[in-house]
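There are 2 protein chains.
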Amino acid sequence: MQFIPRPGTPVTDIDTPSLVLELDHLEHNIEVMHSFFQNRPQKVRSVTKSHKSPDIANLQWTQDGAVPYGITCAKISEAEVMVAGGAKQVRMIEQVVGSPKIERLMSLAKRAEVLALVDHPENIKALSEAAQAFNVKLGILAEIEIGINRCGVQPGQEALDLVNIINKSKNLEFKGLSAHEGSLFIADFEQRSIVAKERVQKILDTRELLEQNDIPVEICGAGSTSCWNIVGTMDGITEIDPGSYALYEAQYTRLIPDNGFIPALRVLTTVISKPTTDRLVTDVGFKSCSIDKGLPEVDWPSGLKVNRLNSEHGVIDIIGSEGKQLRLGDKIMLTPQYQGTTVVAHERYIGIRNNKVEAIFPILARGAHY
Amino acid sequence: MQFIPRPGTPVTDIDTPSLVLELDHLEHNIEVMHSFFQNRPQKVRSVTKSHKSPDIANLQWTQDGAVPYGITCAKISEAEVMVAGGAKQVRMIEQVVGSPKIERLMSLAKRAEVLALVDHPENIKALSEAAQAFNVKLGILAEIEIGINRCGVQPGQEALDLVNIINKSKNLEFKGLSAHEGSLFIADFEQRSIVAKERVQKILDTRELLEQNDIPVEICGAGSTSCWNIVGTMDGITEIDPGSYALYEAQYTRLIPDNGFIPALRVLTTVISKPTTDRLVTDVGFKSCSIDKGLPEVDWPSGLKVNRLNSEHGVIDIIGSEGKQLRLGDKIMLTPQYQGTTVVAHERYIGIRNNKVEAIFPILARGAHY
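Chains A and B, in that order, are what the protein sequence lines are.
So the first sequence is residues 647 to 1016, counted in the numbering used here.
So the second sequence is residues 647 to 1016, counted in the numbering used here.
No lab work stands behind these hints: they were computed from the structure.
One or more of the hints may lead you astray.
Since the list can't tell identical chains apart, any single copy or any two copies may satisfy a pair.
Said to hold, decoys possible - Heads up, simulated SDA-like pairs for lysine to any residue below, C-alpha to C-alpha not over 20 Å straight-line:
1. K977 to Y1016
2. K734 to L1010
3. K843 to P1008
4. K951 to E864
5. K970 to P767
6. K939 to S957
7. K771 to L972
8. K939 to G802
9. K939 to S745
10. K970 to N795
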């Protein structure tokens, strides 16, 4: 029900709280990531789970360094939105379990190339039976656990055993391996490289073991936004699946300043109360700007610092002269620490350039938890 | 895009992650709150900002102890949804600032009795001008700051000065005072009473000052879910505005166990991976079950404990024999610590009774941050 601003509207006339996207920064981030992979064997298959936007996915999968029209999705409902938006190659990074979702996966596999992710024989059996029933051939990746203690089989023999089961299953085609080394918030590049390479080496060793057993491995995927230019240069890795780089966010610039990207995501808010000379209250709370990874930073004006967010209010300390001049109705632009839960609080991005509205990107996969 | 279960569906057949509402508990909570006020001068004007549901609001404002068809809203977009759902008396608990929102408030005041909340002369001037332009008479409450350092004028003379400005403003009718004493998570009832009463006394003293100045005070509102039965018994308070009591939540039962309500909110999730004998991974992350106030608790089965939530995954430790028997596809029911950000992650509540689906409540004010 938010007022949708017309293109050309000055940013200070946008109703609040609003999710604002600096288009210059977004384009810079996509350029940095994809140009790096233009002349490399590794390609980028971006994760869409954080931005939830086919508009942004379209900017990613049409780049030279990308798997053409390829994306990575966490949820089947998210993948459905992206295929509707033009995706042709969908790699899942979460196991699809249970009949309702497996049936939707089969339906999707009739319209796009789908790579399902498995780590358990029961799931392989269910996928094979469904693929036969729906008469589709399904690409399968085995998830390898390489250090974050979440899903995945152990590297080595356990992985080989699982792949052997995949290869014996009707209508499933083993395509390769997938792993997630985690968000490595290690400021020093060399230290970050050591940890990332040590983890990712486990998937490469497993690749070697499979090949020694005459099992071809077409896809070998790992590599997040925190170590894109580390994992993305490792021989044997065929594609990386970073997600956060497009919007980027304050926690990254704080924790790994050398990463090459610029935060593009903002939350615009309005001063609704100035009860004392050192305190402003605005209409942004943690329902519209998440605090999962910390308090947002103030992008402009200067002289302000976020003191706390309540569910519907932001309390902002006045610490400098520009802050003192703010009046009721004035706007403040915040940079969130974390995009994942901030994005899904909103129905749309308001894309701005030179402080004017240029584009509206609906967040079509908002709420796609399924 | 989630599968919407038909009434009668067993809870274990609901697709996940889903927001589930135990209707027996919801009705218990509403009964406890409202029966307490049936024969008291104080009435309940429930806050809708956490549940966002006209279905639940309808269960509240039709009770004997309620302000009839009366609600309290944080945001104008939320109030619009509630008026569409049948609300007749809307009390705002956030200042409405800036022309786009003030105009919507005037529009709303043509369809329902609206009480706007003010703490600044500039806002009073803007509301008065708009009320004249739209030819509406607008009820006004002055917000008094009583101890949470957010919005509001100071009690006493500062409040009197503000009320004098309201009373001189065309098309505005001063109706009374509003304050928020905060969520008082103090386990001991006596200690909680001392703090609540000390804070709320400031608004009552201000009421007295206004009446000494021949200014009638029709409404005097305070009192949240944490101190409903404390503030709700204070002479001079006319209405309380609790919100969390209807759904309730784990953080309350943990922090103030004597409060009388039962958590009604749940998040249902599915086991998607069991990589080791002591770890399950499910399809719930903090995008579908917020961790703003801590990790969710496991409602059933027994033998499990939430280890952590990532954005799209839940990692659950197996700590007992029932947990060991879980297989891929099995369901786990969680109780979130906090309703505010968990509710708005979803499009609907799935109301259950005796473990079967009974009602679907769309979360129509989801995303109503404006």
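A quick look at each hint next to the structure:
1. K977 to Y1016: Answer is between; shortest inter-copy Cα gap is 14 Å, intra-copy 36 Å.
2. K734 to L1010: within (18 Å within a copy, 34 Å between copies)
3. K843 to P1008: Neither. Shortest intra-copy (37 Å) and inter-copy (47 Å) distances fail the 20 Å Cα cut-off.
4. K951 to E864: neither (50 Å within a copy, 38 Å between copies)
5. K970 to P767: The answer is between: 17 Å across copies meets 20 Å, while 63 Å in one copy does not.
6. K939 to S957: both (15 Å within a copy, 11 Å between copies)
7. K771 to L972: Result: close only across copies, 18 Å inter versus 63 Å intra.
8. K939 to G802: neither (35 Å within a copy, 40 Å between copies)
9. K939 to S745: Neither: 35 Å inside a copy, 33 Å across copies.
10. K970 to N795: between (49 Å within a copy, 18 Å between copies)
The earlier numbered hints that this structure contradicts are 3, 4, 8, 9.
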